[in-house]
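First residue of the sequence shown: 1, per the UniProt record's numbering; consecutive thereafter.
Think of the hints as simulated: they come from the structure by calculation, not from any bench.
One thing to keep in mind: the hints can contain errors.
Capping the alpha-carbon separation at 20 Å, the derived lysine-lysine pairs in PhoX-like fashion look like this [said to hold, decoys possible]:
no., residue 1, residue 2
1, Lys104, Lys93
2, Lys356, Lys367
3, Lys305, Lys332
4, Lys296, Lys214
5, Lys248, Lys51
6, Lys185, Lys296
7, Lys136, Lys332
8, Lys248, Lys236
9, Lys343, Lys305
10, Lys343, Lys332
11, Lys136, Lys214
12, Lys248, Lys263
13, Lys51, Lys111
14, Lys90, Lys104
15, Lys213, Lys185
16, Lys236, Lys214
17, Lys248, Lys237
18, Lys332, Lys185
19, Lys237, Lys51
20, Lys368, Lys356
21, Lys263, Lys296
22, Lys104, Lys237
23, Lys260, Lys296
24, Lys214, Lys237
25, Lys248, Lys214
26, Lys51, Lys104
27, Lys248, Lys185
28, Lys346, Lys185
29, Lys104, Lys72
30, Lys214, Lys185
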Amino acid sequence: MSEADAGAKEEEPSKEEEKPVPAKQLDDRRSMSMDTNDELLALHSVYYNGKALRLQVTSPHIYYIVFRILRKVCNAIPALAVGLPLNWDKIEKPDNNAVVSLTKQYNRVAKPFATNWSGSYNTDVLHEWGEPNCNKLVATEITGYAYECAVPRPADLNHYYKSFTSETYGETNLEQMASIIDELKIGSHDVFVDLGSGIGQLVCFTAALAKCKKCVGIELSPTPANYASNLGDYFKKLMSFFGKNCGKYEHIQGDFLNPKFKKLICEEATIIFINNFAFSPDLMFRITNELLQELKNGTRIITTKPFGAHKKGITYRSTSDINAISQTIELKSMESGVSWTAKEVKFYCTTMDHAKLIRYYEEEQRKKDPNYNPVREESEFLIVMVLFVN
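Use the sequences and the hints to build the structure in full.
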């Protein structure tokens, strides 16, 4: 969720202009003890343009996830279950050897079956799962599978953060994110950047549902950043298996206040997501002054704590505030929209509007001089400049 600036003395970010480095892979799954010898599980895809799903079993929970995917596919296309044991799909949690056996038998049927289906999305049978693009349901389920693959025990994440500070881990519900995407009409023309992206599920989900030009997550803490790298790999394999399109996405470990990210944030980004609910005042101040003040006109910032004053006009004393160059509105929110409480947490959208301050000064000038005309003033200035040059 966050950057680790709270509860410590402020440190200036490194001025070194280095290239952002993707997070490393997690090698240690502390929550799983069983030795799986990294067995490979494979499922042949029957989806149009789908690729075979191949998952290295780095921990036992992968078997159950593959079993659920297999059950989903066979429930949609019963013919694929030919040869599978009676009531195999009614088993609550099969043992690992049974899953291996089920996948092998499924693949014997699925490969020739997929050949017969070649060249068709088969939406009559597969419905939304046969479409090339994800709707909310499909994007949510695929992101959920990737999340479960990458994070066997989500509760473990809280061990890596200080209690309720800028380091506190908290997730935004995918249902809430889908509502934001719909309300703000986020789409293929946007560049989405999640500052303090945690394990990166919002980055993948937004890439799937909104198909943005680019989705980037930046997370300071190494452990969640490593989980994000794994989640991104699983997400890619699952999207490929189901034959789905998505926008480009990337997970990066680093401090988003580092100058090396300034071009991405201030020049490229059109949508910035910041789950700043537990951010310290010092970190909020640094984000405002080091990033928000330099964002390009029209950039939209989604937050859980507003940077700009909601429905508040400019006054002489507030001309230096972020509110003077932005507009803030409250977005639709829902109960259980975040992981840390079942209560409704409000979301806000601050849109950069650099002309707002100009309009304020023009209005103040009109109050002093009723004959003041900014267009005329500018024209007269240009005439004088032309005469001066000539």
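A quick look at each hint next to the structure:
1. Lys104 to Lys93: holds, 18 Å
2. Lys356 to Lys367: Status holds; Cα separation ~17 Å.
3. Lys305 to Lys332: Status holds; Cα separation ~14 Å.
4. Lys296 to Lys214: holds, 17 Å
5. Lys248 to Lys51: Answer holds: lysine 248 to lysine 51 is near 18 Å, not above 20 Å.
6. Lys185 to Lys296: Cα-Cα ~19 Å, so holds.
7. Lys136 to Lys332: Roughly 17 Å separates the two Cα atoms, so the pair holds.
8. Lys248 to Lys236: Holds: lysine 248 and lysine 236 sit about 10 Å apart, inside 20 Å.
9. Lys343 to Lys305: holds, 15 Å
10. Lys343 to Lys332: holds, 14 Å
11. Lys136 to Lys214: holds, 19 Å
12. Lys248 to Lys263: Holds, at roughly 18 Å.
13. Lys51 to Lys111: holds, 11 Å
14. Lys90 to Lys104: holds, 19 Å
15. Lys213 to Lys185: holds, 14 Å
16. Lys236 to Lys214: Holds. Lysine 236 to lysine 214 sits at ~15 Å (cutoff 20 Å).
17. Lys248 to Lys237: holds, 14 Å
18. Lys332 to Lys185: holds, 13 Å
19. Lys237 to Lys51: holds, 8 Å
20. Lys368 to Lys356: Holds, at about 19 Å.
21. Lys263 to Lys296: holds, 11 Å
22. Lys104 to Lys237: holds, 19 Å
23. Lys260 to Lys296: Holds, at roughly 17 Å.
24. Lys214 to Lys237: holds, 18 Å
25. Lys248 to Lys214: With a Cα-Cα distance of about 5 Å, the restraint between lysine 248 and lysine 214 holds, given a limit of 20 Å.
26. Lys51 to Lys104: Holds: lysine 51 and lysine 104 sit about 16 Å apart, inside 20 Å.
27. Lys248 to Lys185: holds, 18 Å
28. Lys346 to Lys185: Given pair lysine 346, lysine 185 holds - Cα atoms ~19 Å apart, limit 20 Å.
29. Lys104 to Lys72: Status holds; Cα separation ~16 Å.
30. Lys214 to Lys185: holds, 15 Å
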